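Quick mapping for you: the protein sequence lines, in order, are chains H and E. Heads up, our numbering is the position in the first sequence plus 3, with the first residue counted as 1. Heads up, our numbering is the position in the second sequence plus 93, with the first residue counted as 1.
No lab work stands behind these hints, which were simulated from the structure alone. None of the values given here were measured: they were computed from a predicted structure. Just so it is clear, CB atoms sit at the ideal spot from N, CA and C, and this is done for glycine as well.
No more than 30 Å apart at the CA atoms, straight line, and that leaves these computed lysine-lysine pairs for DSS-like:
no., chain 1, residue 1, chain 2, residue 2
1, H, K63, H, K152
2, H, K63, E, K264
3, H, K87, H, K68
4, H, K152, H, K87
5, H, K152, E, K177
6, E, K177, E, K264
7, H, K63, H, K87
8, E, K127, H, K185
9, E, K264, H, K152
To give a feel for the contact side, a few chain E residues facing chain H, derived at Cβ under 7 Å:
no., residue
10, V116
11, T120
12, T123
13, K127
14, A130
15, V141
16, S142
17, E145
18, H148
19, D149
20, S185
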Amino acid sequence: MGSQTILDLIASSLVFGSLMLIALRLNGGTMENVQAFREDILVQQNLVAVSQLLEYDFRKIAYCKNYTVISSPTDAIRYADTSKIVFWTDFPTTTQPYGDGVLDSMTYYVGPTSELSVTPNPYDRLLYRVENDATPIGVNMGVTTFNMKYYDALHAELSTPVDSCQLIQYMQITIQVEHPVKWTKYYNTATYDTVYQSAFWRQVRLVAKNLNNR
Amino acid sequence: MGLGQTLLTIMALMLMGRLILTVNRTTLETGSTKDVAEYRITATSLGVSLLESAHDLAFDEATVDTFLTYSQSSALTAAASFGKDLGETDMSTFDDIDDVHGYIRIDTIPNSAIFMSTATVQYLSVTPPTTITTTTTRTFNKLITVYVTSPYMVDYATVDSTETPVQDTLKFQSVFSYWYFR
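Go ahead and model the full structure; you've got the sequences and the hints to work with.
Following this line, the structure appears as structure tokens:
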């Protein structure tokens, strides 16, 4: 084996090694991206699930199949605070999809962050949706922010907890959902700290639209 | 290294380069699709918020302080006069639905994008059972259409004549009908 052959072997080994390193790095980067995107989709799906649930329930604030049961839609909200709301509605049943005409109470609130201390994310909380006096069961959808603001007919913000719930005309719901685990791929561009993947949703809802047709 | 080996090496590098570029493009497209999905969620919340705010308004300027009967449709605002009235600037000062016609709102959402919402209002002609058409004739039904778009919300599946992806726009519609308790 001549020196030229040895040089060829060394050169080809170097080229092969470089290509192999590139391929491995490429594979690693692709896998990391795929996993990160998958986790991002999970966060978005959680947010969509929570927002769909809220839209469905909040649209029916003050609704009752038997309209004589609620004397005034302004009495529909029983308690209103930044992270908790209790209101009258009418739940559908299997045989009566538009409600059974009996008033039901719905409660939404978020628990303390200590309930989810087992997750790496220190800000996520359990979201509770309670029908009447059922035992509260929280779901972990990665909710880190569940904030509600209340406004009167003149668009003035009401202080919370709201003393006179009948003044509430609008509410603004803000929800932020974060992933329970921090991925190093995501950075805050201002501080260069790694952050949790998050998705944000804010919506203004009218409370009792039956009052306002004129 | 002979000529044949050199050519083989160059070809291998070209193939590897092509592979890297393809993977890179796929990764970027996937990331972009994911971002656009997130923008669409935010845009949906903005569009529904605008519709909800409009729900709180009176049906027409003529019904803000009084009631109309079925035969008084001529008292309603003409379709050509839709738009904000004198002294009205935004949703907090609008008092009836057609004030929203031509309304433009820019929202800058933290950690998201800049969104532009626009609204149009039209009268609706309803012919039972299923025929519903827009009209300029005064009727007791109004259709509000809200468009929400953002320069960051791009539909890569649709390209224009220059093969450039087009900006995506979400459309929300709601029908308002006039009625009152007697």
